[in-house]
Amino acid sequence: MKKTFQMNGYQLHLIQTKKFKNISLSLRLQNTLKKETSTLRALLTFVLIGSTKKYPTTKDIATYLDEMYGASLSNNILSKGASHIMQLYSSCVNENYLPAKESLLEKQIELINDLFYQPNVIDDAFDEKIVELKKKELKERLQAAKDDKFSYSLDQLFEYMGRDTTLGIKSTGYEEEIDKITAKDLYDYLKKCVHEDEKHLYVVGDVDESIVDIFRQKLSFPTHQYHYPSAYQFESHKDEVLEVFETQKITQAKLNMGFTINCDYTSDDHYAFTVFNAYFGGFSQSQLFQVVREQNSLCYYVSSSYDAFNGIMIVNCGIEDKDYAKARSLIMEELKKIQQGHVNLDVVQLAKGMLANSLRRSDDEAGSMIAIDYNRDITDKVETNEQYLNKLMNVTIEDIVRVANNIKLDTVYLLTGKERV
Amino acid sequence: MKIIQYHTLKEKLYFNELENGLKVFILPKPGFSKTYGLFSTRFGSIDSTFVPLNEKEMITVPDGVAHFLEHKMFETTKGDASELFARLSASTNAFTSSSRTAYLFNTTANEYECIELLLDFVQELYLTDESIEKEKGIINQEIGMYDDDPDWRCYFGSIQNLYKEHPVKIDIAGTVETVSEINKDILEKCYHTFYHPSNMMLFVVGNVDPQKAMDLIEKNQQSKSFRKEAPIIRKKINEPLEIDKKHEELQMSVLMPKLIVSLKINDILSDGKDKLKREMAMNLLLDILFSKSSALYEQWLNEGIINDSFSANFTQERDYSFLQIGGDTMYPNQLKEKIIDLLTHIQDYKISEDDFNRNKKKNIGILINMFNSPESIANVFSRYYFEDIMAFDLIDATYNMKIEDLYQLYPLFDEKMISSFVVKNEAL
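If you read the protein sequences in the order shown, they are chains S and P.
For the first sequence, position 303 matches number 303 in the numbering used here, and the numbering has no gaps at all.
For the second sequence, position 302 matches number 302 in the numbering used here, and the numbering has no gaps at all.
Here chain P stands alone, though its shape is the one from the complex (with noise of 0.2 Å):
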């Protein structure tokens, strides 16, 4: 077990592969009553199209299996998870993102117990026709929730303008044509081919003996076989340069339209600290141009096309990245055509050495903040471990930007590459 010292978070992180390539990461959180558990695997919405496990062929799945796997993964021998988790009176979630799906569990007793239920339980699969069957009415619900939800589909829309191939623009949940596909087959292969510990994380973060979690977590694997894994073969996407269309408009039952205008980057990073590296200076760099404190925030709050809603966000994941800029807006158009002028004249745009270093005093206390709860680190820490990036040295990170940094980040800004998404009522 290796020990890694964060000086100035004041944390101890305990870190072990297991011999089954398991990862396995506690955190020690003295004086905290909860315990927070998040199993993960590198199996999201996007992984469509791969080889089985032991098979030659590639196939490609309906959308969706990824969440409908999630959902199922509940069903056990020794029944609903979320009971068994009841039963030590902890309480369980899990979620699927377009590059994962996570289990979870949230406890202030038994949490040594949890931690083997965890592993049990998403390390067992248990399905039955019946049950897939019965699964999809629940399913499609949720689907029509999202539907209805105009906040996801501009968000989801925006995207989906950006890309012609990726299967980034699928809806995670799928939709309730491709749902009706699914079944026990498909489920099966998905889960053996990547639900094997080495391509899993798990991440403990509270009131935990690390030694002693380690030792029961190490016991626990070693008592399991796993069937010895060649890496994963995923389809190479063939994402051309340019983005699938400009511009996209959804009518919906809205009172308030809501505009997001987003920037596809193909200059995509293998590497997990020049990843780090670009996305705390993309972070500084949206900032200084769109945070409360720029000058272009006030000016469009004057002139009325933007309020508290409007924010800017850069998203970079496994093998794509894009920007998100927008929020609700009673003038999508104007607010559209400013953020795209800004956006095709970068690199006019100086950057002062005061928002530079007021906007990096921001991000370390946000950072600072992130630490805070266990659920918060848990999270945080998952999610940039499966791009190479150890989240602990995100405030370093920040800390030892220059901003030539930022400027390098000018030629990401190609005009060709940006779209817009509107949700509203009617033409306006």
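So that you can see chain S by itself, here it is in the shape it has in the complex (with noise of 0.2 Å):
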């Protein structure tokens, strides 16, 4: 279904399909993730969809898309592994819907050569305005973000777990180095991006195969042949589990586990793994729903995650502050009886027809159809949902035990609402 078109410095990834009313279109730049360029990465990616030579204030971009039925321009940084990847997204209405024919996907493409080519820069650096705009704009994200104690809490783990490691470089970039960087700094970064970083394009939605056409005369980079590692294995040199907690005025603990797994993305475990997750932690009939919270009420939400481009697991709840024990040693009890062997067979039968649910759903959704191209396309991983479905139906629960072997508990991080002892 998806046809990919090697371009001038990207690939192109065509994925044709009527369900939807509109076309969408995600470009994706890939570098290495270092602490250096963090900051200045997702900086640049707020700037460069602030303003271009044509509309160069916010406002002036945001009457432009609204003329063009309520386009979307969004930008979001992400790491996937080892890589620090910039979004560009964008969305429009196909024609088809509209009263007037309009091709608006065409305009999209301008606007996004747009960005990269005819950017609002006078003297070699980005308008400083708009840069001090977004400057403030990702400071008062960052800030907000710690609000929100589920994924402050999280990061911390992160933090922790992965000091001095890729693990531990924050993706979303740094608040006291913001103000270090200059317009020119981030036009100079534009410059190197648009040479070095490996790129592909997405787009998704009921287009004829000649778009292409219109992308080979609209949209080029220089080409290069970069390629960056992403998908990798943590792994741990703390002698003993590190345990950190810190006090908040909050009303609900939340307790975050970090696991080492010895297993990642591209390795022959992933799959054993996948299906091991979601029946440890995955979904409603997980091992951790049923025990610690329907048998125990303990909590609200507890889960297991698999990061398969670190190659870590990440257990969270939020439970009471007198329950932490409790709750950790529930957790640990769960992961020891699959060492164990104990595997209930019947509950991995539904794990797998929930993954099974979950990947063909993804289907229907543009972002979701892209994020998983795009996780094989960086990984050069040749493989169809067809195929990744069948090697997850042929997990056994002797491949489910032996990877659960693999686990040791790295770092525990609880956010309480009172000071411990």
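Read the hints as simulated data drawn from the structure, not as lab findings.
All values reported here derive from a predicted model rather than from experimental measurement.
Think of the CB as a built atom: it goes at the ideal place given N, C-alpha and C, for glycine as much as any other residue.
Hints are supplied without guarantee of correctness; some may be wrong.
[What the hints assert, rightly or not] Derived, one-sided and incomplete: chain S residues facing chain P with beta-carbon distance under 10 Å:
#1 LYS18
#2 THR58
#3 PRO99
#4 GLU140
#5 LYS149
#6 THR251
#7 PHE289
#8 ARG361
Reconstruct the complex from the two isolated chains, following the hints.
Encoded structure:
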């Protein structure tokens, strides 16, 4: 279903489907995740979509997008293991649903080209005013993210678990670094990204293949062959489990546990681990949900998640402060049971069914289609969804027990409302 | 079975009202892998005082009972409903709002079995005292999670400021204290009163054959008997015109303060068409005033008092309606003054033809996008349906909007009805 075209300086992935009333574009720029450049990249994604020569203010660009029947243009920054990715995302209504036939897509392609080649630059530096606005925006976003205690406590876990390693680098940047960056640094860095980042562009919707020619005419990057590593297995050198408590004025304690697993997206065990994670804490019939929530009423949410690009597993739940020791030991007991070979085949079947359902559903969501393909494209994995599903379905109980025995608790981070002694 | 064609959206909607009063809508989506079913009842946190089925006296139930019942519905005589869906390779969930409770499944297999299971698990009540007590621990943790969420506290606080009597000011999940009062008898009374098919609606969208699905639903419903229900008597709320509090501040552990200015609207419409028109007009007006392309947004952005979390929203449900405007800001007091100043002088604001037409185009595009995913269609449709609005009419209503329709909203901006709510760390 997906067709890939080698363009000037990027790969164009065309996913043709009549399901959607809009057309989605996702341009992803990938480079190595480094502490020195993480804030620069994060800030650049904001500045990049803030204005162009033609539309020099936020208002101008918003006005233009309104006129295009509410077309969207947004940015986000993410990490995929050792890689740092800037994403520009745009969607527009398919003209078939509009009273007047206007090709919005072509104009969106031109706009993306302008972001890179007609930016709002004066004397080799981005417009100061936009840069100042975007610095403030990034700072305030980072602060607001800390106010969300769920994501804050998760970030803290990564920070402690991954100190001085890739895992510990914040992909959204560092507040204290923002003001050190100048408008010129940003423009210089944009030029570097244009040359050195690995680029993939996804188009999803009811579009004709002739759109490829329009991309050829309207959007090119310098053709260098860069390829950056992404998935890796996190390795820890801690002698014992690191336990961190932090106190804030909050009602509910947030427990986060990080595990090393000796497995990642590219491992043979990736499929077994995916099934293990679903069984252990991935859905409502999983061991953690049943034991910690349903049987012991300790929490509203509890789950495990497998970060296949950093090669780690996380467990998190929200509990009463006094239940910390109990919740932690229940979680560890459930893991131990699996490690000792106590696995319920019936629940494994349910877990596989849930994985199949969620994978098939992703076929109806443009964003999910892109995310799944992108994981494969940056790791050179050639695999269809059906092949992936087959591998999941063939995972045995022995496989699950084997991958469970590679799991080791590394770091525990508890954000709590009460001072602990 | 009736068929309604929507040409702009290229969609075909199938509808039937069954003998027991259940309304069923089916929207086939050829080419989609997934099917989504949403079964909703007109019962939410605001339904706190009512006459139970087959009784005469009005009772008041503890806060949070609709939400509590939603949790307990998953327990069935055949086991946990989540597990029954999992056996069909489907996932399930539910949510409770101020005015409704909805149960859903999402699947890519066994669609027809899932539809039946959805009907069956919601149309059967199985409660034990023990399981009710057990649920309280879980719900208290859910309450704790919301207590720590500054966005939710600010959103909800700004609504609480507006109302003296109306139960929309009640926390949807209740409090630890009110949850402790909930028992089997109360849950049963609520269930039998509000889960009658005539108070409910089923929406199925996705990879289904409409005739086959409708036949199955009809057969399923015919096999069950429900007591004949008289119209539900809910307490008529005598909400005073004035607001409860002009300003309120909450201290939380936050770095970014949050502000919402809210405006109570006392002129409540009852006709669905009027409601639809007002909502589309208000959305347009709020966009013209406050969206990223507005002069005001640009000015406030440059002054540093807003960021892209800033937004303006209109709510109208059953018998209450309000506006909320705000976001994260380092300068809550300054932003508050500016918003209030604008709201109090709205009569002087002239809408430009350009702004109007541009925002109209934008809103049409956004509405078309809303019909992209099965989940979004079902949720949007069900929410509007209970307000007697057909969601598929939203786009045409926006097309037909005139500038004068926006000016007609100006009298709703009554300065005495303005309130503000701030969440911050300490005195700024």
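Hints versus structure:
1. Taken as an interface hint, LYS18(S) checks out: its beta carbon lies about 6 Å from the nearest beta carbon of chain P, inside 10 Å.
2. Hint status for THR58(S) relative to chain P: holds, with the closest Cβ pair at about 6 Å, below 10 Å.
3. For PRO99(S), the interface hint holds, since its Cβ comes within 10 Å of a Cβ in chain P; the closest pair sits about 8 Å apart.
4. Hint on GLU140(S) holds. Least Cβ distance to chain P is approximately 5 Å, under the 10 Å limit.
5. Hint on LYS149(S) holds. Least Cβ distance to chain P is approximately 5 Å, under the 10 Å limit.
6. A hinted interface residue such as THR251(S) counts as satisfied when its beta carbon comes closer than 10 Å to some beta carbon of chain P; here the least separation is about 4 Å, so the hint holds.
7. At its closest, the beta carbon of PHE289(S) sits 9 Å from a beta carbon of chain P; the interface hint therefore holds under the 10 Å criterion.
8. A distance limit of 10 Å between C-beta atoms decides the matter here; for ARG361(S) the minimum to chain P is near 5 Å, and the interface restraint holds.
Consistency with the previously given hints is maintained throughout, with no hint failing.
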